[in-house]
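Given next are the chains, with one letter for each unit.
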Amino acid sequence: MSSRPESGASASASEQQALTRELHGLVSWYTVGVVAFIVLLAVLEQLGLSRLWIGLIFLMGTLALYATIGILSRTTDEVEYYVAGRRVPAIYNGLATGADWMSAASFIGVAGTLYLSGYSGLAFIVGWTGGYCLVALLLAPYLRRFGQFTISDFLGERYGGVLPRLLGIAAAILCSFVYVVAQIYGVGIVTARLTGVDFEVGIFLGLGGILLCSFLGGMRAVTWTQVAQYVILMIAYLVPVVWLSVKQTGVPVPQLVYGYQLEKVTAMEQSLIEDPREIEVRKAYALRAEQLAEKLKDPARALRQDRRAAEQQLAVLRANAAPAREIAEAEKALAALPRDAQAARQQWSQALAQAETKSRPLNGMPFQGQAFAGDPQGSPAEQAEFELSRLNFLALVFCLMVGTAALPHILIRYYTVPSVRQARRSVAWSVLFILLLYVTAPALAVLVKYEVFTSVVGTPFSQLPEWVAAWNKVDPSLLSVTDINQDGVLQLNEMTIGGDIIVLAGPAIAGLPYVVSALVAAGALAAALSTADGLLLTISSALSHDLYYKMIDPAASTARRVTIAKVVLLVVALAAAYVAAQRPADILFLVSAAFSFAASAFFPALVLGIFWKRATGLGAWLGMLSGLGLTLYYMAVNQPWMRSVLGITRPVDLWWGIQPISAGVFGVPLGFAVIILVSLLAPERDKGAAELVERIRYPGA
Amino acid sequence: MESRENRRIYWLRVQRVTAVLMCIWFVAGLAIHFFARELSFRFFGWPFSFWMAAQGSLLIFLLIVVFYVWIMERLDREHGFDQDPH
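Residue numbers (this note's numbering), protein chains in the order written: chain A, 22 to 722; chain B, 574 to 659.
Hints listed in this document are in silico derivations from the structure and should not be mistaken for laboratory results. Incorrect hints may have been included.
[Claimed, not checked] Rough simulated footprint, nothing fancy, chain B against chain A, three-plus residues with beta-carbon under 8 Å:
1. 98 to 110
2. 184 to 195
3. 276 to 290
4. 496 to 505
[Claimed, not checked] A few chain B positions that, by computed beta-carbon distances, are all more than 10 Å from chain A:
5. Glu578
6. Arg589
7. Glu646
For glycine and all other residues, C-beta sits at the position ideal for the given N, C-alpha and C.
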């Protein structure tokens with residue numbers, strides 16, 4: 022198998038420079054245009070434009086923009102379609118990687134996790150940024166020097182034989198499909214919120230946007246829409262945080278000053294724990310938890326009792342000719358009882374879990390600033406809790422780092438730059454653009470917590486800020502309040518908050534006009550769409566380039582190959598939308614699991630393939646298979662949702678207490694060990710592989 | 574052969590740079606967080622360990638990658654692999 026000349030389509034040096042200059046101008050004007058558009062809508066809102074219209078204009082405006090870029094970038098050229106002609110300047114590939122990387126989970130989820138679980142949420146921030154050091158030092162420059170289209174290309178050519186390539190295809194599809202379903206799910210939710218259409222309609226609207234971006238122009242279109250999307254998502258993320266920071270501290274750089282707000286939050290946490298009314302609320306929930314636990318001992322009997330009591334009350338009310346409203350309420354209460362013992366068990370278990378959380382200090386949240394749970398100087402149980410929490414934090418950081426460096430849709434981005442040198446520079450730009458969002462997320466979490474502690478907790482129910490009622494109406498699981506101790510004042514533990522609200526309601530919490538809320542939704546949409554584009558392209562390349570062209574029909578013409586790639590993309594997109602429309606449970610777990618899958622399947626084979634000439638094909642596919650196999654096994658045996666799907670009933674068996682989400686900590690070392698051992702025990706002399714390794718180590722020449 | 578020797582030395586230096594930076598990455602990205610509870614002294618308002626995980630590690634990652642770009646471009650020049658458009 023011979024490799025094609027490395028930079029067949031790449032432009033000469035001066036052309037490249039002229040292109041970069043032109044792009045700088047274009048992107049600056051575009052950014053000014055976006056800001057002007059937002060200001061214009063803000064003015065229109067003041068003049069009385071309705072919220073629905075603002076949402077619609079944002080949705081349609083941004084989708085039309087992405088579609089225009091997508092259509093302008095249409096192509097039938099193979100190098101253009103798979104790797105954007107290999108002439109994307111480093112900084113723009115950095116921007117595109119930033120958007121490709123930041124999914125709905127990063128945009129909406131991270132700040133929420135940081136709000137709800139404090140320090141342990143930082144594992145995502147450290148892991149997802151630190152992974153790029155591995156990309157920069159171990160992978161990107163070498164893959165660019167290799168210079169083909171996909172990750173399986175590298176595995177196939179480096180290790181030879183069918184199995185490494187086939188395993189590469191399978192693993193790339195496994196991680197990317199799970200991930201793309203989550204993105205399309207996110208697109209559906211955001212579109213539905215922004216315009217008020219149904220979730221399913223939202224999915225297909227968003228799908229239209231995704232397809233317009235990637236269908237006609239492949240990587241070339243995806244790259245330039247991602248640059249456009251990065252600008253929108255970053256502006257959308259920064260505006261509310263900066264505003265909150267100015268409001269609370271007077272300084273417009275939240276990243277520098279939120280330490281002082283964190284200090285105040287910590288002081289408030291201490292006083293909230295000791296507050297007598299909070300203690301009263303916690304006791305009330307503890308009592309409720311006890312009652313529920315009692316009921317759950319014999320759900321059938323407890324349900325019969327409840328039903329009898331409700332019926333009796335209704336009868337009494339009717340006999341006494343009580344007001345219609347009271348009777349209607351009693352009827353409603355009776356109808357709301359679980360249908361049978363099975364339903365009762367489920368409903369009450371959930372209520373029990375919630376009541377138990379709410380009987381703990383700070384609504385079950387740890388101290389915002391405290392590293393790890395437990396206490397190293399405390400009782401043996403507390404010491405064990407501390408060790409376990411620390412171990413799991415580090416294991417998660419490790420898996421996220423290695424997983425980042427092994428996700429195919431990120432790695433193929435570095436095929437699109439003109440040279441090895443540009444590939445290195447491009448990773449540095451990527452880190453910068455990704456870091457901008459990740460240093461801001463903890464600031465947002467802390468500032469929102471300060472806002473909640475000062476202007477919501479301790480406020481009479483009649484005077485709660487308007488956004489509390491507004492978001493409760495959108496979705497009670499995102500925000501709900503109940504006055505359990507009947508004192509007319511909201512205590513912290515009387516409020517249930519879902520993580521997603523921290524970003525989505527940020528503008529309302531900061532007291533900004535609705536136009537900013539719409540902007541944030543458009544930003545979330547940009548984050549989800551850009552990631553979905555990159556992932557779909559990866560899956561379609563794996564099927565059309567790796568499977569069809571390289572393995573089934575090597576004689577296919579270029580035009581035919583690109584056409585097939587487009588058809589496959591369409592089919593995969595529809596399949597992903599179909600799965601997303603089923604609202605799969607535990608989608609967040611699956612996304613995080615994708616990191617462990619990618620880490621254990623790709624990382625050892627790629628790194629050893631580049632740095633160790635003696636790594637053999639047999640070793641590689643055995644290593645990939647055993648690493649991925651162990652990771653899958655550990656998750657299947659220990660993760661509640663996987664257990665229920667697969668019907669596994671034997672007891673959970675955690676190794677050293679590591680959570681199933683971090684199964685990669687076992688898969689990655691096993692993958693390395695197997696490749697090394699097999700390669701040493703059954704050495705092969707493959708001249709082509711040795712030459713390939715030799716070639717990719719030296720740039721240029 | 575001169576060029577073979579040149580390639581050997583280049584690759585040796587690349588490996589050395591990579592190994593040193595990987596060690597820094599390991600310490601700043603993983604090892605330091607092992608001692609997070611011990612390192613919770615006050616740092617501009619933040620507990621130091623919180624700041625480290627929220628910003629410090631990230632900035633060190635950026636420095637590692639930027640330094641790598643700089644040193645590798647120097648190595649490329651010194652060993653004559655500098656064939657890129659500028």
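Would you pick out the hints that fail for this structure and give their numbers low to high? 1, 2, 4, 7
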